[in-house]
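Visitor: Residue strings, one per chain:
2 protein chains.
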Amino acid sequence: MSVIRILTVDDHPLLREGIAAVFDAQDDMTLVGQASNGREAIESFRRLRPDVTLMDLRMPDMSGIEAIAAIRAEFANARIIVLTTYAGDAQAAAALKAGAAGYLLKNMVRKELIETIRAVHAGKRRVPPEIATEIAEHVADDALTEREVQILQCVAAGKSNKLIAVQLAISEGTVKTHMKSILPKLDASDRTHAVMIALRRGILDL
Amino acid sequence: MSVIRILTVDDHPLLREGIAAVFDAQDDMTLVGQASNGREAIESFRRLRPDVTLMDLRMPDMSGIEAIAAIRAEFANARIIVLTTYAGDAQAAAALKAGAAGYLLKNMVRKELIETIRAVHAGKRRVPPEIATEIAEHVADDALTEREVQILQCVAAGKSNKLIAVQLAISEGTVKTHMKSILPKLDASDRTHAVMIALRRGILDL
DNA sequence: CGCGCGCTACCCCTTTAGGGAGATGCCGCG
DNA sequence: CGCGGCATCTCCCTAAAGGGGTAGCGCGCG
Chain A
1 MSVIRILTVD DHPLLREGIA AVFDAQDDMT LVGQASNGRE AIESFRRLRP
51 DVTLMDLRMP DMSGIEAIAA IRAEFANARI IVLTTYAGDA QAAAALKAGA
101 AGYLLKNMVR KELIETIRAV HAGKRRVPPE IATEIAEHVA DDALTEREVQ
151 ILQCVAAGKS NKLIAVQLAI SEGTVKTHMK SILPKLDASD RTHAVMIALR
201 RGILDL
Chain R
1 MSVIRILTVD DHPLLREGIA AVFDAQDDMT LVGQASNGRE AIESFRRLRP
51 DVTLMDLRMP DMSGIEAIAA IRAEFANARI IVLTTYAGDA QAAAALKAGA
101 AGYLLKNMVR KELIETIRAV HAGKRRVPPE IATEIAEHVA DDALTEREVQ
151 ILQCVAAGKS NKLIAVQLAI SEGTVKTHMK SILPKLDASD RTHAVMIALR
201 RGILDL
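Quick note, the sequences are listed as chains A and R, same order.
Taking this note's numbering, the leading residue of the first sequence gets 1, the next gets one more, and so forth.
Taking this note's numbering, the leading residue of the second sequence gets 1, the next gets one more, and so forth.
Source of the hints: derived by calculation from the structure; they are not laboratory data.
DSBU-like cross-link-like pairs, simulated, lysine-lysine; straight-line CA separation at most 35 Å:
{"hint": "1", "chain 1": "R", "residue 1": "Lys162", "chain 2": "R", "residue 2": "Lys180"}
{"hint": "2", "chain 1": "A", "residue 1": "Lys180", "chain 2": "R", "residue 2": "Lys185"}
{"hint": "3", "chain 1": "A", "residue 1": "Lys180", "chain 2": "R", "residue 2": "Lys176"}
{"hint": "4", "chain 1": "A", "residue 1": "Lys162", "chain 2": "R", "residue 2": "Lys180"}
{"hint": "5", "chain 1": "R", "residue 1": "Lys111", "chain 2": "R", "residue 2": "Lys124"}
{"hint": "6", "chain 1": "R", "residue 1": "Lys176", "chain 2": "A", "residue 2": "Lys176"}
{"hint": "7", "chain 1": "A", "residue 1": "Lys124", "chain 2": "A", "residue 2": "Lys185"}
{"hint": "8", "chain 1": "R", "residue 1": "Lys180", "chain 2": "A", "residue 2": "Lys185"}
{"hint": "9", "chain 1": "R", "residue 1": "Lys185", "chain 2": "R", "residue 2": "Lys124"}
{"hint": "10", "chain 1": "R", "residue 1": "Lys111", "chain 2": "R", "residue 2": "Lys97"}
{"hint": "11", "chain 1": "A", "residue 1": "Lys97", "chain 2": "A", "residue 2": "Lys111"}
{"hint": "12", "chain 1": "R", "residue 1": "Lys111", "chain 2": "A", "residue 2": "Lys106"}
{"hint": "13", "chain 1": "A", "residue 1": "Lys106", "chain 2": "R", "residue 2": "Lys97"}
{"hint": "14", "chain 1": "A", "residue 1": "Lys124", "chain 2": "A", "residue 2": "Lys111"}
{"hint": "15", "chain 1": "R", "residue 1": "Lys176", "chain 2": "R", "residue 2": "Lys97"}
{"hint": "16", "chain 1": "R", "residue 1": "Lys185", "chain 2": "A", "residue 2": "Lys176"}
{"hint": "17", "chain 1": "A", "residue 1": "Lys176", "chain 2": "R", "residue 2": "Lys180"}
{"hint": "18", "chain 1": "R", "residue 1": "Lys162", "chain 2": "R", "residue 2": "Lys176"}
All chains should be built: construct the whole structure from the sequences, respecting the hints.
Guide: And the structure:
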């Protein structure tokens, strides 16, 4: 039986140590490298060609989602598992769309980690039911457009429609039109509510 | 030289394993127990009387801040270090007010962890300069009152002033009066901005 | 005791946000 | 080529939010 060669990517050294400790106890897994942000992850992947990569999403320098997309663009058969604290269905969906084969939460138990790594290494996809359910709840909704997200970011920054209009070089009426499109899409009662929902769903960052 | 007996409290088993791995390599420290939420933490503390406790803040069942306060009420000389991802100056200040002797971020390196544990065990307080600076930036501001936080929570839930008034059984005018007090305190331009600032500073939860 | 603060409540007024309906130009896709 | 989605813009109207000031009432603290 071959040994599974693993790369971990996370900006928390302590967590990486915890993961390493788990693999030390598994004789069919070995940790071949560690990285602490997306940029390092890409570089490490090129050099090490791990069988499975564990990747956090929120990291300095380059996010996990960007790193996943970049690695998959270069190595189409790269097997990457997201390992993160839950950050909303939009984040999870984006990670899977970028090419992640699995999604794990940091509060899971050791057994799930091992099991998921084996499954992904065998070419399967693994998304926990609670995550899958959350994503499924919103596939029916039409997603926000790029422009709408941009406007929502301005709203979150405390800007008025008038200011947003100036900043994006469009009329205030157009900003209102976009807001009238955003609110029902997010099922929000007003702009403040829309921002909260977008934060919870991982559409906006805090 | 006596061995430092340590209790860890965090809802991420992997992180606890990482911490445990660090202590295994230190011959003057030993991990005597683990807990995964505030309630378990209190119970474990009573039973084990650790020299130093490492406590996360965001946990299910009971938050770290409540646990710190409860433990310190019962054991006034308990030495507790917060170990968390940064959650704003209000959270940090609340933890220190509740009786924490130190504040560490999860993205620190091993050496800082060891050093802080030794310092706190020796009776010192340890707060990293970047945290101390953040807290200091806001000590001059007058804090939100209990009622104001309550109203801001309603605002974050997407409620209108009218709805908030009904729910809190006060007049809409009073809600407006409170808002007129909240906005300048947070230096916010409108209610949405106020909610964002409160989230970033740890005054509200997502 | 008096003072300050928190909570309550009211007034007036301006600005902003939100809801409805309609319309144009652009671009990609079948 | 025509259709749909996106972004842009317009007009009208109502509701909500924000800014100013004033004031009573209870409570703790020096």
